[in-house]
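Student: Spelled out, the chains give:
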Amino acid sequence: MATDIADRERPYVGRATVAVVGNPNTGKTTLFNALTGLSQRVGNFPGVTVERKVGQLTLPDKSAIDLLDLPGTYSLSAKSPDELIAVEALMGLLKSESTIQAVLVVLDASNLRRSLYIVSQLLEIDLPLVVALNMLDVAKARGILIDAPALSERLGVPVIPIQANKRTGLDELKEVLSRVVEKGAVPSRSPILPQAWWVEAEQLAQKYEGVSTGLVLRVLIDNQNTFASHVVERFGDDFAADLHASRAKVNVGDALANQEIELRYGWVDEALDGVLRDPEPLRVTRSDRLDRVLTHPLWGSLSFAVIMAFVFQSIFSWAVPLMDGIDALFGTVGGWASGYLPEGALQSMVVDGVIAGVGGVVIFLPQICILFLFIAVLEDCGYMARAALLMDRLLTPCGLSGKSFIPLLSSFACAIPGVMATRTINDPKDRIATMLVAPLMSCSARLPVYAIFIGAFIPDQNVWGGIGLQGLTLFALYCVGIFVAIPVAWILKKTLLRGQPTPFLLELPSYKIPDVGTVGMRIYQSGRHFIERAGTLILAATIVMWALAYFPRSETITAHYEAERERLAGASEEILDDLRAKEAGEMLQQSFLGRMGQALEPVVEPLGWDWRIGMAALASFPAREVIVAVLGTIYSLGEVDEESTSLRDALQAATWSDGRKVFNIPVALSIMVFFALCAQCVSTLAVIQRETGAWRWPVLTFVYMTVLAYIGAFVTYRLGMALGWG
Amino acid sequence: MAYATDAATPLSIWGRGDEGTIESVSGANQLSARLREVGAIPGVPVRVLRVGSTVVIQVGSSRFCLRKTDATCIKGMKAA
Ligand SMILES: Nc1nc2c(ncn2[C@@H]2O[C@H](COP(=O)(O)OP(=O)(O)OP(=O)(O)O)[C@@H](O)[C@H]2O)c(=O)[nH]1
Ligand SMILES: [Mg+2]
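As they're listed, the protein sequences go chains A and B. Residue 353 in our numbering sits at position 353 of the first sequence, and the numbers go up by one each step. Residue 64 in our numbering sits at position 64 of the second sequence, and the numbers go up by one each step.
In case anyone wonders, no lab produced these hints; they're calculated from the structure. For clarity, every value in this text was computed on a predicted model and none was experimentally measured. Treat the hints with care, as some may be off.
Covered stretches of chain A, going by a simulated chain B footprint (3 or more residues, C-beta under 8 Å) [as the list claims (entries may be wrong)]: (1) 74-87; (2) 170-176; (3) 501-509.
Backbone N, C-alpha and C fix where the C-beta goes; we use that ideal spot for every residue, glycine too.
Kindly produce the complete structure, drawing on both the sequences and the hints.
Tutor: Next comes the structure, spelled out in structure tokens:
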């Protein structure tokens, strides 16, 4: 028992931290997840991880260490914000972080030569190093042979062959890690770089507090890049001047950075001599053959369009049976609640607020899951980088590059990780421009909004070969965001964010079959997140809106209709129903919400909306799905049909006071275009603020998107009416 | 090829499927530094996999895409 407690307490007393580093897409996060039991995001493209993540690893001797997953980087001279995070953590520049005791570097065995470049740098930062040789299956399939023990001897550090996605080799890795954490032997420095550089670095490091030799060496070599500027800024002008002097002393001929690279690759080639056997480096792989079609200027773009159309069609056709099930479930629960709860405010809140509102949102869970199924498959098969390649053509004219496309594609899931993914963009101006248009991409929270209106108003017609009108409409709505983003980015890059066109360089990973676990985890996590949001944020918003729509209760109206009913005693059920509907309608009109709505109506009328839609849209500014919940509540309150909780039927039946139908195709389209363009997500704006460190960017995002949304909705409605779709 | 030259040529004018070795990567910007760091140094085998406004090149065993205009900084010796 006593040892048990001691074990549990041990981690809190100076628990060791081991950083996981390496080139992008080498399987660092896969290994991190396998070792810690966490489920951080994994995908087959460079730049999946853009944040530091900590997890706990229990070693064979039952002691625990902290494992730190970092963004991938090709070298220690960081060139983009995500690489900067990794390098800063390694160099101990992050004060909040516990200091790193050892480094676990993950190598891609099928790309060994390139992977060793960063190893040669890591051998010089005075930390114990363990090498995990990953992707051995890929190397083997290409006929590449690696002698791991010989490599270990050459590098002077342990090299453990593993296959992270199959969890092989992990036991040995843990053994070695526990040994290294305990002993902590720092590898001896190989004479890769000239002695003179080290001498200068050491002198400077002694002069300044908190500056290590490794750090000085780095900034001595990296003259102008992101990392060097960052460090110099931090340690002040004196440091900068000294650095400059040192650089002048050692710099003969070619820039230090170029010399460094040649020296290091010279060392790498020596280390690999007789260790690596790659019979045919320029072999044509299966990926290359696939790419002949998928990155072909014509066939590639066509495939992209077909893949997208298929995705959107499937979201509708596959979800229907599942949705009907959830719908029926809520119908039953609603009926049950009306039966058991006493009539009055509580019953109304549960039935009209929670069940009709939140239930109306939850119904779209199957669609969310299907969307994420496709996103996860696209992310893990290797297609993302190809899509970025194809889109570079489209993004170049607006001053961005294909690099911006990966964050934009991520924003189709959610703009928050999308905004964070802009950390992979080197150029600060490109990065901000990408962040500002990311919320225009249709995120998964918009899907319920599209789904309800498309389902209710767009005819379920087959257009061509299994592609339906509903799927095409959804596809078109996703395109609205993209096609608006292009001119917005263009204008931003011409005005506020003017700058040189920046280069574009992206690694294309080889294709692979998506991992079932990775895909399943992504679907599960997003499904859970969706339900959690419905149960918290959406629920709270719905109850507030329900209260505004329910109160105040008018005695006069109740008394008036009571008298009417008495007068008409014995009249047909139909007449009585009609009477109840009128009563509910009048109650709603005079509620707080109704009064506010009528004040708002002149603003939204040009869009073809009635006050109910206007209020629901207004309530959706904190989070877009709220509109579905609020419309559910409003129509449920203003209605009598107790059996049907289906929002679709309520929307189809809704009328203006003069009896005209509220909704037709142009109105539905106008609402959807509004939601496609509007900045209705507080969290996204907050993340933009955090990532840019300035309030003006989220404010600008909010203003331009809201204005565009209004104009877009107006034009859509007028155009739809003019085309006679009304 | 009707004429064979000994001179190194920029990868931007190579055709699809052309192979050779890297002769030099010029320029002092972050792009050329990164290209060198990922292994584009003299003597390394190289191949062009896609041509167009965005090209795909294979450097050693990795594949990268970059703009044709940026690929001019990489010069290579085409294999006969
Ligand atoms: N074939 C094979 N695939 C692997 C192996 N380990 C990881 N993968 C796959 O490689 C891809 C990249 O994995 P990640 O763990 O996201 O790579 P990462 O190094 O964290 O990437 P960044 O965060 O972008 O730097 C995923 O599709 C994994 O499923 C392995 O040993 N063999
Ligand atoms: Mg990762």
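Student: Hints first: check each against the structure and report whether it holds.
Tutor: Hint by hint, here is what the structure shows:
With 4 residues bearing a CB less than 8 Å from a CB of chain B, the region 74-87 of chain A meets the requirement of three and the coverage assertion stands. Coverage of the region 170-176 of chain A by chain B is violated [criterion: at least 3 residues with CB-CB distance below 8 Å; count 0]. Using a Cβ-Cβ cut-off of 8 Å, 6 residues of the region 501-509 of chain A lie near chain B, which meets the minimum of three, so the contact claim holds.
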